[in-house]
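Visitor: The chain contents come next:
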Amino acid sequence: MPFSLQYLANHLSQFWVQTSENWAQRFVENHVPFLGHLPYSLGELIIMLMCCAIFVAVVPLLPLGLVLAERKVSAHIQDRVGPMRVGPHGTLQTLADGIKLLFKEDYIPKQGDKLLFILAPYIIFASSFAVFAAIPFGRSILVSDLNIGIFYIMAISSIIVMGVIMAGWASNSKWSLLGAMRSAAQLVSYEIPIGLSILTIIMLMQTLNMQEIVEKQDGLWNWLIFRSPFTFIAFFVFFISSIAEVNRTPFDLPEAESELVAGFHTEYSGMRFALFFIAEYANMFAVSAIAATLFLGGWQGILPGVDILGGLPGFVIKTLFLVFVMMWIRWTLPRLRVDQLMNLCWKYFIPISFFNILGVGIWGLIFPEDTLVSIVISLVIIVLGLIGVFAVFGKGVSKAPVPQASSAS
Amino acid sequence: MRQYLANIYLGVYTALVGMRITFKQLLQPSVTHQYPYEHSFEKKKNVRDIPKGYRGKLDNRIEDCIGCRKCEIICPVDCITMTTRKLPKGERLWDSMSVVHLKDRTEIVGNIEGDEKLVPDTTITIKTRDERTVSLSSEEVDRIVERKPVIFYLDQFDIDMSLCMYCGLCTEVCPTECLTMIDNLKDGIAYSTFDRTDLIYLFAAPEMYDQQTEASDEAEAAD
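Residue numbers (the numbering used here), protein chains in the order written: chain A, 9 to 417; chain B, 6 to 228.
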């Protein structure tokens, strides 16, 4: 089958802009005429590479900003100012750090497993970036509109744990190995509540396609977090489990500085270390983006049909808000012990998740279609539930000693 | 079961309490000084004034220094280096004078006309070194210190600020109170340099004696 220009244009428009005035076709006709003479498969490859290039160019900028944001947020929470020297208000600090890391010695432990040691950061990096392929950034800004989108994300993000174990094993260091083991235990445990929370969404939406899930959430009251009281609970279970999944405080046992030096990447230096670092922040953005997509309406605006620039700004704002909450939690809560971590997952999150699935199943039977009535009932139950919980348990708790803010400042 | 739910409530509630505290801190202005670039400490919020008597950078009003070496001797870390040259016998750089310390923390050096004791509710007239006459009411005056006649040339008076430990002993023994510690934020703690040798402060001003030296040289030559 010969590669046709029309096909390329359609393909491009499918990927990027599903608009009536097909600018992609005009762009191809005017600027890349040589593509028309290529064989079909090569043309498809070129389109894939173009999409890849854009994402590989844009997505690593996110960690660049997020690292700085993390440092600034942590600084201001501690009444400091954070990096200030490189660029205005330290905006280029991360870039400077990256350049510094490029010139650092790339040390590989002699007793370690060299192949695995070299491979590990790339596996983590690649899998954390592959997640972005299925996240809908806007109405038409999506690399691959998979019909099993959320399943793909779950699967590909689980590969990260393999990279972590490889890094820990190959380093031939007790700190690394302990960190990797902890990480494996933690990631495997917290996959379950995440999967079960996503299952509640899938049960309600009857689809695994990310784009379809988002399209059904038009308007603030249609966001899945408010669709039923069970998804409201599922959101928090999902979000907290996500924090554990990306190894952030209070669940940062795999890289606990005070215990394990730096956990699984203790022995890494230079650019390999930077890859871990970038992957960590890319992961953070990815899980926030998934939470925003599944529960907070993705690129859909507050009002139905109102989405500026294909909904990209709204989506980014929602995601960055969740990222900020992650940072906020990190600089508030101390690290959990291993037994507390496992306790939280197995004794609390998993039973709650199963309860959610049961509840959502019943909810789906009672309200097969989402109507105004069902949403109002759901909101009423959420509000009454919160008030009720406070009424029942609030009294006993408020007597317990509560840490007060220090008056010094 | 009730305990189970109470645990969940407690976990969420305590986390939210902590997050409320950190969010309050997030909105507060930071207390950091961008020190070498930012000298306007007074403008900063959340910063208290430095109390009077703060032991900041050492400062020597060299024209009042009589070269007695007391500070050099008492300094526990030997940060003061002094070289003096005695004047020929009978000569003096200038005669005994008075240092009038005002309550607004400035000084006037000169000869007081009349009584040198501080009497309340009187006017003090000072003839300063540069031939000016200043009149002050005694309300403004904190204290009057006699400055001994100067019989030394001070060729060198260096303080290595990187060695100084701010004990303040030198300022206590100084008979003319010319060696002081600056207690304001603006000048008292500004130390930033790119070279450690820049922290050796040279206070001696040999040009001050030039005329005198030439005169005495001529006198010696005449002899």
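No wet-lab data here; the hints were simulated from the structure.
The beta carbon of each residue, even a glycine, is placed where N, CA and C say it ideally should be.
Be aware that a few hints might be false.
Okay, the calculated bits of chain A under chain B, using three or more residues with CB under 8 angstroms as the criterion [as the list claims (entries may be wrong)]:
#	stretch
1	274 to 285
2	378 to 392
Computed far set for chain B versus chain A, every beta-carbon distance over 10 angstroms [as the list claims (entries may be wrong)]:
#	residue
3	S35
4	E68
5	E177
6	L207
Pairwise CB distance ranges (calculated) [to be verified]:
#	chain 1	residue 1	chain 2	residue 2	range
7	A	K108	B	Q33	43 to 49 angstroms
8	A	E265	B	L32	36 to 42 angstroms
9	B	Q33	A	E265	35 to 41 angstroms
10	A	L228	B	Y196	52 to 58 angstroms
11	A	L127	B	L168	52 to 58 angstroms
12	B	V36	A	V314	51 to 57 angstroms
13	A	A104	B	F199	16 to 22 angstroms
14	A	L123	B	D203	34 to 40 angstroms
15	B	G173	A	M189	56 to 62 angstroms
16	A	G278	B	F199	27 to 33 angstroms
17	A	L123	B	Q33	48 to 54 angstroms
Visitor: Does each hint fit the structure? Answer for all of them.
Guide: Hints, verified against the model:
Only residues whose C-beta sits within less than 8 angstroms of a C-beta in chain B count toward coverage, and the stretch 274 to 285 of chain A has 0 of them, not enough to reach three; the restraint is violated. Interface restraint, the stretch 378 to 392 of chain A with chain B: violated (0 residues with C-beta to C-beta distance below 8 angstroms; minimum three). The claim that B/S35 lies off the interface is violated: its Cβ sits roughly 5 angstroms from the closest Cβ of chain A, which falls inside the 10 angstroms cut-off. No Cβ of chain A comes within 10 angstroms of the Cβ of B/E68; the nearest lies about 41 angstroms off, and the non-interface call holds.
Every CB of chain A lies more than 10 angstroms from the CB of B/E177, the least distance being 33 angstroms, so the non-interface label holds. Distance to chain A confirms B/L207 as a non-interface residue, since its nearest Cβ pair spans about 31 angstroms, more than 10 angstroms. A beta carbon spacing of about 32 angstroms between A/K108 and B/Q33 contradicts the range 43 to 49 angstroms that was offered as a hint. With their beta carbons about 28 angstroms apart, A/E265 and B/L32 fall outside the hinted range of 36 to 42 angstroms.
Taking 35 to 41 angstroms as the suggested C-beta distance range, the pair B/Q33 and A/E265 does not conform, at roughly 26 angstroms. Between A/L228 and B/Y196 the Cβ separation comes to about 57 angstroms, which falls inside the hinted range of 52 to 58 angstroms. Between A/L127 and B/L168 the CB atoms are about 55 angstroms apart, so this pair conforms to the stated range of 52 to 58 angstroms. The hinted window of 51 to 57 angstroms between B/V36 and A/V314 is violated, with their beta carbons roughly 43 angstroms apart.
Taking the beta carbon of each, A/A104 and B/F199 are about 20 angstroms apart, inside 16 to 22 angstroms as hinted. The given range of 34 to 40 angstroms is broken by A/L123 and B/D203, whose C-beta atoms sit roughly 54 angstroms from each other. Taking 56 to 62 angstroms as the suggested C-beta distance range, the pair B/G173 and A/M189 conforms, at roughly 58 angstroms. Between A/G278 and B/F199 the beta carbon distance is about 30 angstroms. The supplied range of 27 to 33 angstroms therefore holds.
The hinted window of 48 to 54 angstroms between A/L123 and B/Q33 holds, with their beta carbons roughly 51 angstroms apart.
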